[in-house]
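Chains as they are written, first to last, in the working numbering: chain A, 4 to 112; chain S, 69 to 183.
Treat the hints as calculated values from the structure; they're not laboratory data.
Any given hint might turn out to be false.
[Claimed, not checked] List time: in silico DSS-like cross-link candidates among lysine-lysine, alpha-carbon distance up to 25 Å:
| # | chain 1 | residue 1 | chain 2 | residue 2 |
| --- | --- | --- | --- | --- |
| 1 | S | Lys125 | A | Lys6 |
| 2 | A | Lys20 | A | Lys99 |
| 3 | A | Lys20 | A | Lys6 |
| 4 | A | Lys99 | A | Lys60 |
| 5 | A | Lys6 | A | Lys74 |
| 6 | A | Lys58 | A | Lys74 |
| 7 | A | Lys62 | S | Lys69 |
| 8 | A | Lys58 | A | Lys20 |
| 9 | A | Lys99 | S | Lys81 |
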Amino acid sequence: SQKIEQNSEALNIQEGKTATLTCNYTNYSPAYLQWYRQDPGRGPVFLLLIRENEKEKRKERLKVTFDTTLKQSLFHITASQPADSATYLCALGDYKLSFGAGTTVTVRA
Amino acid sequence: KAGVTQTPRYLIKTRGQQVTLSCSPISGHRSVSWYQQTPGQGLQFLFEYFSETQRNKGNFPGRFSGRQFSNSRSEMNVSTLELGDSALYLCASSDSTGGGTGELFFGEGSRLTVL
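The task is simple: from the sequences and hints, build the whole structure.
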C-alpha cells in the first residue's frame with residue numbers, strides 16, 4: 004500500500020540553526036511533491052512544490068530536494084527563527100493529495 | 069482575493085445527528101477537496117469535486133457525502149454522527165483544471181465535536 008513517512012514527530016532546534024525534515028514514500032511514482040506548513044488550529048498553508056525532474060528548489064530560507072531514486076524529499080529551513088515553529092507536512096498525489104503525519108518544529112530563541 | 073471560507077467554524081453535535089459543512093473556494097477555483105484531520109490519523113482525503121462532479125473519493129463510509137454547486141461552492145454532509153467523527157474538517161480549493169497538479173489553498177476548517 005502507499006505510504007508517506009516523515010522522519011520524526013518533533014524537532015527542536017536552536018534559533019539560527021538549520022532544520023532538516025525528511026519525507027520518505029513507498030508505492031508512489033509522483034510527478035511532484037509538495038510541502039505545507041500548519042499552525043495549531045489553522046489550515047495548512049502551501050510552501051513549495053517540486054517536480055520529479057527538479058533536484059532542488061528554493062524559496063527564501065526554505066530549500067527542498069527530491070530524489071525519486073531514493074523516494075525521498077528533504078526540507079530545510081536555514082537560519083531558523085522562532086516564527087518558523089509549526090508542523091510541516093509533505094504531500095503527494097494528483098486529484099487527491101495524501102499527506103504525511105507531519106513533523107512539528109520548535110525553534111528555541 | 070478572498071481566501072477559502074468555511075462555515076461554521078465550530079459546532080457541537082450529538083451521536084446520531086447529521087451535520088452539513090459549507091465551503092466557499094477562492095474565486096475562479098473550480099476544484100474543491102475535503103479532508104478530515106484527527107490527532108491519530110492526520111489529514112485524510114474525503115473527496116474532491118471539479119465542476120460539480122466528484123472526481124475522486126477517499127476511503128470513508130457512505131455516511132460522508134458531498135456536493136458542489138455551479139458557483140463552485142461545496143458542502144459536505146455527515147449523517148448518523150459517531151463519536152469518532154469528531155475532527156477538524158478542512159476544505160481546500162485549487163485552480164487546477166487538469167491532472168490536479170495545483171497547490172491547495174485550505175480554509176481554516178470546521179471543528180466538529182460529537183458528544
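Tested hints:
| no. | hint | result |
| --- | --- | --- |
| 1 | S/Lys125 <-> A/Lys6 | holds, 18 Å |
| 2 | A/Lys20 <-> A/Lys99 | violated, 34 Å |
| 3 | A/Lys20 <-> A/Lys6 | violated, 30 Å |
| 4 | A/Lys99 <-> A/Lys60 | holds, 23 Å |
| 5 | A/Lys6 <-> A/Lys74 | holds, 11 Å |
| 6 | A/Lys58 <-> A/Lys74 | holds, 12 Å |
| 7 | A/Lys62 <-> S/Lys69 | holds, 22 Å |
| 8 | A/Lys58 <-> A/Lys20 | holds, 23 Å |
| 9 | A/Lys99 <-> S/Lys81 | violated, 28 Å |
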